[in-house]
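Using the sequences plus the hints, can you model the full thing?
When the letters of the sequence shown are read in order and numbered with mature numbering (1 follows the signal peptide of the UniProt record, and there is no 0), they come out as residues -23 to -1, 1 to 208.
Because the hints were derived from the structure by calculation, they are not lab data. Quick reminder that beta carbons are idealized off the backbone N, C-alpha and C, glycines included. One thing to keep in mind: the hints can contain errors.
Claimed, not checked - Below, computed lysine to aspartate or glutamate pairings styled on DMTMM-like, alpha-carbon distance capped at 20 Å: (1) Lys7 <-> Glu166; (2) Lys146 <-> Asp177; (3) Lys7 <-> Asp45; (4) Lys38 <-> Asp16.
Claimed, not checked - Quick list of simulated restraints, FRET-style, between CB atoms: (5) Gln55 <-> Val150: 27 to 33 Å; (6) Thr44 <-> Lys70: 33 to 39 Å; (7) Glu158 <-> Gln56: 40 to 46 Å; (8) Glu166 <-> Thr67: 33 to 39 Å; (9) Ser86 <-> Glu40: 29 to 35 Å; (10) Asp88 <-> Asn162: 44 to 50 Å.
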Amino acid sequence: MASFYKTAATVCLVALSALESEAQQSTKYKFTVVDVDEDAYLSTNLARNGKLPVHISEVTKDESLVTDLTAKVAPEAQQAAENCAALITTELKNNFHHSFEYEPASKASPDYRQILQDALDVGLKEFKCTEVVTPEEPEVPVSLQDGTGASETPEGTSTKDAVLFCQLKPAAVKNSAPFDEEYFNGLIERTTELKDMTEDDLKNSVGNGPAATASTIIIAGLVAILTAVSA
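So this is what it looks like as structure tokens:
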């Protein structure tokens, strides 16, 4: 039986706030928290294990983590900022965050599968040819040294309407991979997109294959995006 991570995921919409002063003549922003629905967790599990011969642990929702993450994203004393990137604190950067376009007035749920597919596509495009290195010589790209799969100021963040934050328990360990090379190879060879998967695709593709465990290798930098998606 696959082990379970307790996880929380919160969508934070950027909402306009009042001007701090008329003299500034500028718009300030704050995060407004919107809870994700069950499809966000199914989408996350599909990103982790859908149509793969080797699986890593599944994720499930934990209310205490939701409360904790919500407090980090939108604290009572939250300060308005010039743009979305400025709202993502150093503490939040330790969690997976992926910005996307979203209409706050819309009653439609965000397309979590597409959000996670976009995050996967960006990460896999960069790392398909990345050399496997040992823990003694981790070659983590500068753009991933914050451990989130994004640079300090992610390109386009300030123009996006929302950010998806995810938090793991136990927390991911920076520069260490919770999966092995066999799992990684299955992931980069997977051609089916998340939008085309169903819950049945969470079953092992080859019999009842083993669950991938932590190994003694690091896929350089890849842990940043995959740990993020596994959040």
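Results of checking the hints against the structure:
| no. | hint | in the structure |
| --- | --- | --- |
| 1 | Lys7 <-> Glu166 | 40 Å, violated |
| 2 | Lys146 <-> Asp177 | 25 Å, violated |
| 3 | Lys7 <-> Asp45 | 18 Å, holds |
| 4 | Lys38 <-> Asp16 | 11 Å, holds |
| 5 | Gln55 <-> Val150: 27 to 33 Å | 29 Å, holds |
| 6 | Thr44 <-> Lys70: 33 to 39 Å | 20 Å, violated |
| 7 | Glu158 <-> Gln56: 40 to 46 Å | 44 Å, holds |
| 8 | Glu166 <-> Thr67: 33 to 39 Å | 36 Å, holds |
| 9 | Ser86 <-> Glu40: 29 to 35 Å | 19 Å, violated |
| 10 | Asp88 <-> Asn162: 44 to 50 Å | 28 Å, violated |
Hint violations for this structure: numbers 1, 2, 6, 9, 10, all remaining hints satisfied.
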